[in-house]
Each structure stands twice: as C-alpha cells, then as structure tokens.
Amino acid sequence: MHLIKAFEEGMDGVYVAGCLEGECHFLVGNLQAKKRVQYVREVLKSIGINPERLRMYNLSAAMGGRFAEIAREMTEHIRQLGPNPVKTGRGREV
Amino acid sequence: MVVAEQKPLEEILEMIKPYDRLILAGCKGCVAVCAAGGEKEVRFLASAIRTARKVEGKEVEIKEVTLERQCDPEYVEQLRTFIGDYQAVLSIACGVGVQFLAEHYPQIPALPGVNTTFVGGAEKQGVWVERCQCCGNCVLHLTGGICPITRCSKSLLNGPCGGSSGGKCEIDPEVPCGWQLIIDRLKELGELERRYLEILPPKDWSSSRDGGPRKVIREDLVK
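Sequence lines, in order, name chains A and B.
Using the numbering used here, the letters of the first sequence correspond one by one to residues 1 to 94.
Using the numbering used here, the letters of the second sequence correspond one by one to residues 1001 to 1223.
Pulled out of the complex, with its shape left as it was, chain A reads as follows (with noise of 0.2 Å):
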C-alpha cells in the first residue's frame, strides 16, 4: 500500500531495506516482504511505470558504509530513469 502510494504522490522511485535474508528478526518477514515488492513492480509494470524504480535490497543495522553506498547507488539509478511519467503525465514508459 505505501509503495503504490509512494508513486501516486509522484515518488520518482523507492527502495525497500530488508534484513538479510536468513537473519530476519520476524523469520522470513523479509522473505515475504521481497515477495510484496515483486508483485508491486508487476503492478507498476501494468500501470506504465518502470518496475525498476522500485528495489529491494538486504542489509543488516550494522552496515551503515553499504546503507550509505545503495543510497548512492539508487540515486543515480533513478537519476537515470529521470522523474515518475505521473508527474509528466506523457503516458506509460513502458
């Protein structure tokens, strides 16, 4: 919901941080919550935004240094892509 939200309000993209895979505090919250975020990139897909403004990445509360280098990373990624076609309104971008 809050990502399919995120995008409405014009987002131009959003990452989700889980924890690493097999060290979820909630067991396999983070395996589930990928699988939430595959089916939002499936909806956006069909809606005409780009799936690839939304990813997810796993990393732990100890990994400042990579927090700081995905930030980076996606920013420059979605810089890329340019800003969300809702604000443009010219129609689907894919």
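Hints in this document: simulated from the structure, not taken from any laboratory.
Worth double-checking, as some hints may not be accurate.
To be verified - In silico SDA-like links for lysine to any residue, alpha-carbon gap of 20 Å or less:
#1 A:Lys5 x B:Val1060
#2 B:Lys1017 x A:Arg92
#3 B:Lys1058 x A:Arg36
#4 B:Lys1124 x A:Arg36
#5 B:Lys1215 x B:Asn1137
#6 B:Lys1017 x B:Phe1044
#7 B:Lys1028 x B:Lys1058
#8 B:Lys1154 x B:Arg1131
#9 A:Lys5 x A:Arg36
#10 A:Lys87 x B:Gly1057
#11 B:Lys1040 x A:Lys87
#12 B:Lys1063 x B:Ile1083
#13 B:Lys1058 x A:Gly91
#14 B:Lys1007 x B:Thr1117
#15 A:Lys5 x B:Val1065
#16 A:Lys87 x B:Gln1006
#17 A:Lys45 x A:Gly91
Claimed, not checked - Sample of chain A residues at the chain B side, in silico, Cβ under 7 Å:
#18 Ile4
#19 Lys5
#20 Phe7
#21 Gly18
#22 Val43
#23 Ser46
#24 Ile47
#25 Glu76
#26 Val86
#27 Gly91
#28 Arg92
Just so you know, even glycine gets a beta-carbon here, dropped at the ideal spot from N, CA and C.
On the provided structure of chain A, position chain B as indicated by the hints.
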C-alpha cells in the same frame, strides 16, 4: 467462502476508460478473506487506478467504500446517498455483489473488478482450493466427507474411473483422484464395505444448475 481473484489491471483499466468519476466498492465478506476485494484491496486498487490515469495525464475521482456485504440489500442501500454523483461503480465483490449493485442502481453501470472463481477454503495462507459446487443435494455423508462432485474431475458418483493412476487424476499429476481420497477415507472410517459397495443411483441434477436459477425461501423468516 466464495473465492475470487482480481482481474488483470489492464482489463480493469480498459473497462473503466470512459469514466472519470467512479465508486470503487469492496466487500467485507468472503472476498476480504481471500484478499481479492476487501478494504485493503480497495485502497490499493484505487491508488493503482489513480496512478495509471496520472501517467496518461488524466484525472479520475474515486469514492472508496467497503460494504459489510454486497449480497444484502440493507448494505447495498448505503450507496444511495451519493450514487448520483458518479458515472459507474466498480465492484470488487463476487459476482453476486456486482449484480446486486446493478439491480439496485439501474442508472449507472456496475462493473466487475474480480473474477469469481469457486466456493472453497484456504488450504494455507495464500492458497485457496475448491470444495463445493453447490449442487443443491449434498451426498457427503455417503462419501466420507469428500465431495465427489467437486473433487472428482468428472463428478462421478461411483468411481474411480480408468483415469486414476497412483492416486492421481489423469487431468494433472498434481490433482489427487477424488475417488481415491474417498476410498482411503472410508477405509479409515471402517465404512468401506458399507458405503463403497453401495452403488449410488444417478443424481437428480434439477437441484443444481440444470434446474435454472435457484431460490431458497424460508417462510418463517420472510417478512
């Protein structure tokens, strides 16, 4: 419960193309339980539709409502005060809900947002299976509590047929043979001799769909 699944988004978007003021109506009954048409699905689908429209540079106004049940007139009536402000209602209840909306509000189109699939239950989270075909004349007491109409691909009353192999049905190696299940269950119950050797007579299908649309009347409850 009645099990349904959401139609492909592309199909829904095509269906609602002519309208820019819509009611999206969910149901808190069966379709909420099978995660196809409850409150959460209404919120998600409404957001997806609005996003899809914005991508095309268009707007759509969606009134989000989730009724207690769409198969009871007193709840369907709750749309009356604002129905006139909208051009169509997209229902994500089962086919009954869509038809009740259409009957109550003939002035605007009622559109189906889900495919109503079967009467069944949850085998585990996220997996629903068919268990009843609503034949109108239950024989579960004769078949160990396993429905031959639903679980046998041919709905045989005396089985198994020659397509049963290794306990599986010939239509798909993943599908258990309904009659193998019945035999195994009758054995467990110690009823095999008594039940299985008894040949069931041809079924009267007039209580099923063969008799046309069905109706149940409880005179003691009718007002």
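Outcome of the hint check:
no. : hint                  : verdict
1   : A:Lys5 x B:Val1060    : 15 Å, holds
2   : B:Lys1017 x A:Arg92   : 15 Å, holds
3   : B:Lys1058 x A:Arg36   : 28 Å, violated
4   : B:Lys1124 x A:Arg36   : 17 Å, holds
5   : B:Lys1215 x B:Asn1137 : 14 Å, holds
6   : B:Lys1017 x B:Phe1044 : 18 Å, holds
7   : B:Lys1028 x B:Lys1058 : 30 Å, violated
8   : B:Lys1154 x B:Arg1131 : 14 Å, holds
9   : A:Lys5 x A:Arg36      : 14 Å, holds
10  : A:Lys87 x B:Gly1057   : 8 Å, holds
11  : B:Lys1040 x A:Lys87   : 25 Å, violated
12  : B:Lys1063 x B:Ile1083 : 10 Å, holds
13  : B:Lys1058 x A:Gly91   : 10 Å, holds
14  : B:Lys1007 x B:Thr1117 : 11 Å, holds
15  : A:Lys5 x B:Val1065    : 18 Å, holds
16  : A:Lys87 x B:Gln1006   : 27 Å, violated
17  : A:Lys45 x A:Gly91     : 13 Å, holds
18  : Ile4                  : 5 Å, holds
19  : Lys5                  : 5 Å, holds
20  : Phe7                  : 6 Å, holds
21  : Gly18                 : 19 Å, violated
22  : Val43                 : 6 Å, holds
23  : Ser46                 : 4 Å, holds
24  : Ile47                 : 4 Å, holds
25  : Glu76                 : 23 Å, violated
26  : Val86                 : 4 Å, holds
27  : Gly91                 : 6 Å, holds
28  : Arg92                 : 6 Å, holds
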